[in-house]
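From just these sequences and the hints, can you work out the full model?
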Amino acid sequence: MLDVYLNQIVSGVLTGLVYGLSALGLSVIFGVCRIINFAHGEMMVVGMYLALMLFRWAGLDPLLSIPIVGGVLFAAGYALQGGLINRLIGVPEHMQFIMLAALAIVIVSSCLMIFGPDLQNAPLSYAYDSYQIGPILVDKVKIMAGGAALVVAALLAAFFRWTYLGKAIRACGDNLTGAVVIGLNVKRLYALAFGIGAGCIGVAGCILLLLVDVQPYLATDYTLLAFVIVIVGGLGSLAGALIAGVLIGVSEAVAGLLVQPSLKSVFSFALLILVLLLRPQGLFGRQA
Amino acid sequence: MIRAWLGPIPPRARILLLIVLVLLLAAPWFVDTYVLSVLIIVLYVAYMGQAWNIMMGFAGLLSIGHALYFGIGAYTGAVLYMNFGVSPWIGMIAGGLLAAVAGAIIGALGFRFRITGVYFALLTIAFAEFARILMDNFAYTGASGGFFIKLGDPHAFDLWNLRGSPVMFYYLWLAFVIGALLLCRGLLSSRLGYFWLAIREDQEAAQALGINVFRYKMGAVVLSAALTAVGGVIYAFYNNNLFPATTFNVGRSVEMLLGATIGGVGTLMGPIVGAFILTPMGEGLTILVQPLQQGGLHLDGIKQVFYGLAVIAIVVFQRRGVWPWLARLFHLESRRDDRS
Amino acid sequence: MPLDRISRRAVLAGTSAAAITAAMPIGRAVAALPPLKVGVIHPTSGFMALIGQICNRGAAIAPALLEEWGYPKLDIRYGDTETNPDISRAAGNRLIDNGAQILVGAFDSGQTTTLAQAAEQRGIPLMIDIAGAPQITEQGYKFVFRNFPRAPDIVGGALTVHKQIFAVSGKVPDKCVCLYRNDTYGNAIKKALDAMIPKFNMPYKVVEFIAYDPQARDLSVEVAKAKSTGAEFVLAVSVANDAILLTREMVKQRWLPWAIAAAGPGWYDQSYRKALGKLGNYPISTVPWQDPTKARTKEVLATLAKKFPGQAVDSSTMYTFEALLIVADAYKRAGSAAPQALAEALRHTELPAKDTITIGNPKGIFFDAKGQVNGIPMAGIQNLDGEPKVVLPIGSAEAKLVFPQPAWQGRA
Chain A
1 MLDVYLNQIV
11 SGVLTGLVYG
21 LSALGLSVIF
31 GVCRIINFAH
41 GEMMVVGMYL
51 ALMLFRWAGL
61 DPLLSIPIVG
71 GVLFAAGYAL
81 QGGLINRLIG
91 VPEHMQFIML
101 AALAIVIVSS
111 CLMIFGPDLQ
121 NAPLSYAYDS
131 YQIGPILVDK
141 VKIMAGGAAL
151 VVAALLAAFF
161 RWTYLGKAIR
171 ACGDNLTGAV
181 VIGLNVKRLY
191 ALAFGIGAGC
201 IGVAGCILLL
211 LVDVQPYLAT
221 DYTLLAFVIV
231 IVGGLGSLAG
241 ALIAGVLIGV
251 SEAVAGLLVQ
261 PSLKSVFSFA
271 LLILVLLLRP
281 QGLFGRQA
Chain B
1001 MIRAWLGPIP
1011 PRARILLLIV
1021 LVLLLAAPWF
1031 VDTYVLSVLI
1041 IVLYVAYMGQ
1051 AWNIMMGFAG
1061 LLSIGHALYF
1071 GIGAYTGAVL
1081 YMNFGVSPWI
1091 GMIAGGLLAA
1101 VAGAIIGALG
1111 FRFRITGVYF
1121 ALLTIAFAEF
1131 ARILMDNFAY
1141 TGASGGFFIK
1151 LGDPHAFDLW
1161 NLRGSPVMFY
1171 YLWLAFVIGA
1181 LLLCRGLLSS
1191 RLGYFWLAIR
1201 EDQEAAQALG
1211 INVFRYKMGA
1221 VVLSAALTAV
1231 GGVIYAFYNN
1241 NLFPATTFNV
1251 GRSVEMLLGA
1261 TIGGVGTLMG
1271 PIVGAFILTP
1281 MGEGLTILVQ
1291 PLQQGGLHLD
1301 GIKQVFYGLA
1311 VIAIVVFQRR
1321 GVWPWLARLF
1331 HLESRRDDRS
Chain C
2001 MPLDRISRRA
2011 VLAGTSAAAI
2021 TAAMPIGRAV
2031 AALPPLKVGV
2041 IHPTSGFMAL
2051 IGQICNRGAA
2061 IAPALLEEWG
2071 YPKLDIRYGD
2081 TETNPDISRA
2091 AGNRLIDNGA
2101 QILVGAFDSG
2111 QTTTLAQAAE
2121 QRGIPLMIDI
2131 AGAPQITEQG
2141 YKFVFRNFPR
2151 APDIVGGALT
2161 VHKQIFAVSG
2171 KVPDKCVCLY
2181 RNDTYGNAIK
2191 KALDAMIPKF
2201 NMPYKVVEFI
2211 AYDPQARDLS
2221 VEVAKAKSTG
2231 AEFVLAVSVA
2241 NDAILLTREM
2251 VKQRWLPWAI
2261 AAAGPGWYDQ
2271 SYRKALGKLG
2281 NYPISTVPWQ
2291 DPTKARTKEV
2301 LATLAKKFPG
2311 QAVDSSTMYT
2321 FEALLIVADA
2331 YKRAGSAAPQ
2341 ALAEALRHTE
2351 LPAKDTITIG
2361 NPKGIFFDAK
2371 GQVNGIPMAG
2381 IQNLDGEPKV
2391 VLPIGSAEAK
2401 LVFPQPAWQG
2411 RA
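For the record, the sequence lines run as chains A, B and C. So that you can map any letter, position 49 of the first sequence is 49 in the numbering used here, and since no number is skipped, the others follow by simple counting. Add 1000 to the 1-based position in the second sequence for the numbering used here, that's all there is to it. Add 2000 to the 1-based position in the third sequence for the numbering used here, that's all there is to it.
Bear in mind the hints are in silico, worked out from the structure with no lab data behind them. Be aware that a few hints might be false.
Below, in silico cross-link-like pairs of lysine to any residue (SDA-like), each with a Cα-Cα straight-line distance of 25 angstroms or less [unchecked claim]: (1) C:K2370 <-> B:N1083; (2) A:K140 <-> A:L2; (3) C:K2307 <-> A:M113.
Here is the structure:
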């Protein structure tokens, strides 16, 4: 029985890394622009479809499409921020929520019209490969996905830590008034942040295509999941988002084994409630 | 007393209100069953919006998990009727109490741990989803297979057991919408209303003045939850079937707040106006799109695209809600301008 | 106004019908009947969109073919449940408001239950083409009819076929694990299994029942749990999407059960076979099926091949068609589109077996007091060489059963 749990934990960790990457994108948007991006899952689904199309037309492995999909979604996010989301700064949260929820509906339904309702996937040559290391049996796709997520997260962390732009964006998120005072072009930085967040989400979608088949209605689950992870990990902490992602991935896997699998999501929500109550800044967030 | 209530409403608005009321009362006589069913949905959305609005507008707490209270009410009323032969009116009281307790717990947790804004909203979503997944696996109420209320005679007029025709339900919903409206107006005109206004405008100042912020905020939360549950009971008896996946889900919560948000949060008429805009819009789009759907199967989803775009447009152009804008346009505001 | 559209249509139909009667010696009663307005409701958007569209293929070819066979004309309007039980009832009501005189639908048990309530409340007959939950015809409804087996019948048929599998192959598994969708149909099958496995004296023991979330995107935990039971025989209740996920996980986790026995749709679907290729071979589905030997079935298959080239035939298409055949037959006998008359005519349906499309009760199609057709046998369908083939009962077999299944690795 132990090796079953071990397998599930490994699997949970790898999948969790991908969840964590998607949460990273949300964390950037939430942390800097203070926007509750309820269209998060939908953006990820768009990323998945883009990767799917690139696979079909150009035979590109989804992992190789990362730069392209990331770029497209960055541009889209940048434009969206400037055109639409910008008007939401300072607007009460419920209006923000409705706007983004409506945007989500538009995206899902457009995907439905363009791609149809069926589950679609990219049949990779290594889709069914697995490695056996001792008692542990791991899918090749999960290893690739987890690895890619780690690499992208690391790149993002480096960007925010060491580049001027990255620090400027963080400044906007940390202290808006201060940022304005020192002369940062807040509007442009907001748009950049939203673009980066969107790009990150798109990349996560690319990677997710390795693990999961895409259909338009996939999105809602992932939006909620990303929010749970961001809250649990803590706002503003990139490492926190990844670690929380892994935590959620593992808890779902183990919970499914312990109790009825149809109850496994209960644990994620229970974790969210506990964190909100006991440590609202998240496991790694700064004190609110 | 009626004069006191009607006082602040300008004559124009009074006449308009009267006309609308007469039309609504007479509607079943000159519309067909389809339009009647749409009107029932409008009234249901209006009532739910009003209930939700109490928590958002009076206590300032964004809840995207109101489906929890709705589901509690619906299932309580249904189970008490089917398994214990209890009238749904008693069920409303029971469901309302249970939902009030749930709301109190969530509200208290929010205050105690100082959770506000979007964090609080996520907390409410978490509780609702939690309930949904549990109910999906709870065999006593049919789990994911659903819970069904035995059909009555469609031509009956059994108000005690809520077994009857759509016309009966139409008037029932209308009565509840009007009742909620009167209740909110009454509350707002009372001392309670002033406390709520103070808390909304400047919570710290209100606290400094000695207003027990916690108590009044909690009052709004509990009232909102209880009213939502009551609506849930009526919904259950109108539809005669309940599934956790469509009763406790985020979509249901969003449906309840969409009308109020579009119409104008914190206003009295906002949720009602919002309901009258959104529901016909949705139905109209469905009808417009129907000829396409007969043949072109791949255009499924086009109605939702237009619906979403319309909502975005409304939010972008009327960020305070449609009702305040309409009220200004037609000079319908009451003399206390944030209450109408 | 919809009403005007309908009366004009009826008048036009009536006039042309009169003209035809004058010109040709077809049965007078048939030609004089105006087209019956039938509302066909399936999930054509949402999660089950694909199977709903497949069902509607049966409705697409029905009016022309049925008219050729001498039945009255059907005027079909479509409704979409959006894979949602609430919307299903609304769709039904909308069709009725637009003049539908009888409804057909809805594939999914949850969506069909709410539709049945709506139909009964409005006093319009509902002819259920596909839906397995038993409670739908246990409510004492007078306007609901079903030409599809209920979960207990499906389970009874399945258990019988399982015994045949073991008898034919000579291999008998000890342990069985059941993976089922946590929805109305899945729960109905599970309940039936609980009740009937002891009565049937099955040689295997079901060591675990694993319910999974119908919306699940990842079933690795469920498959891991199932694998850890050590069961050789898998009983599955799914739809195509879950079936694909489950199979993929089994391959990746290197778990080869002797067979996957499905008590429902999904495992023989074209989308499943296409998605998995050779890895999609060998699941055995115990489901009601069309009878390829009947004359009318052959005509339907030919018409489908012409109208939807390249699309494999799904039994769902055939059941929707058969439902419309029953409706047309009832209308012919009733001579009137009044709901009571239609309901009565349906209640007295006696379609001889040779005139039907599916394997069905050997005595033909007739309803009991609850509006249910009984005695529908299950066929054992196995995916072989990418096609679903009847392998059991031996008497009707098109191909030879393969049990236990060969390794995953050899195939792809």
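Right, here's what the structure says about each hint:
A C-alpha spacing of about 24 angstroms is found between K2370 (chain C) and N1083 (chain B), which places the hinted pair at or below 25 angstroms, so the restraint holds. A distance of roughly 22 angstroms separates the Cα atoms of K140 (chain A) and L2 (chain A); the hinted pair therefore holds under the 25 angstroms criterion. Note on K2307 (chain C) and M113 (chain A): the hinted pairing holds, with a Cα-Cα distance of about 23 angstroms set against a maximum of 25 angstroms.
Hint compliance for this structure: every hint is met.
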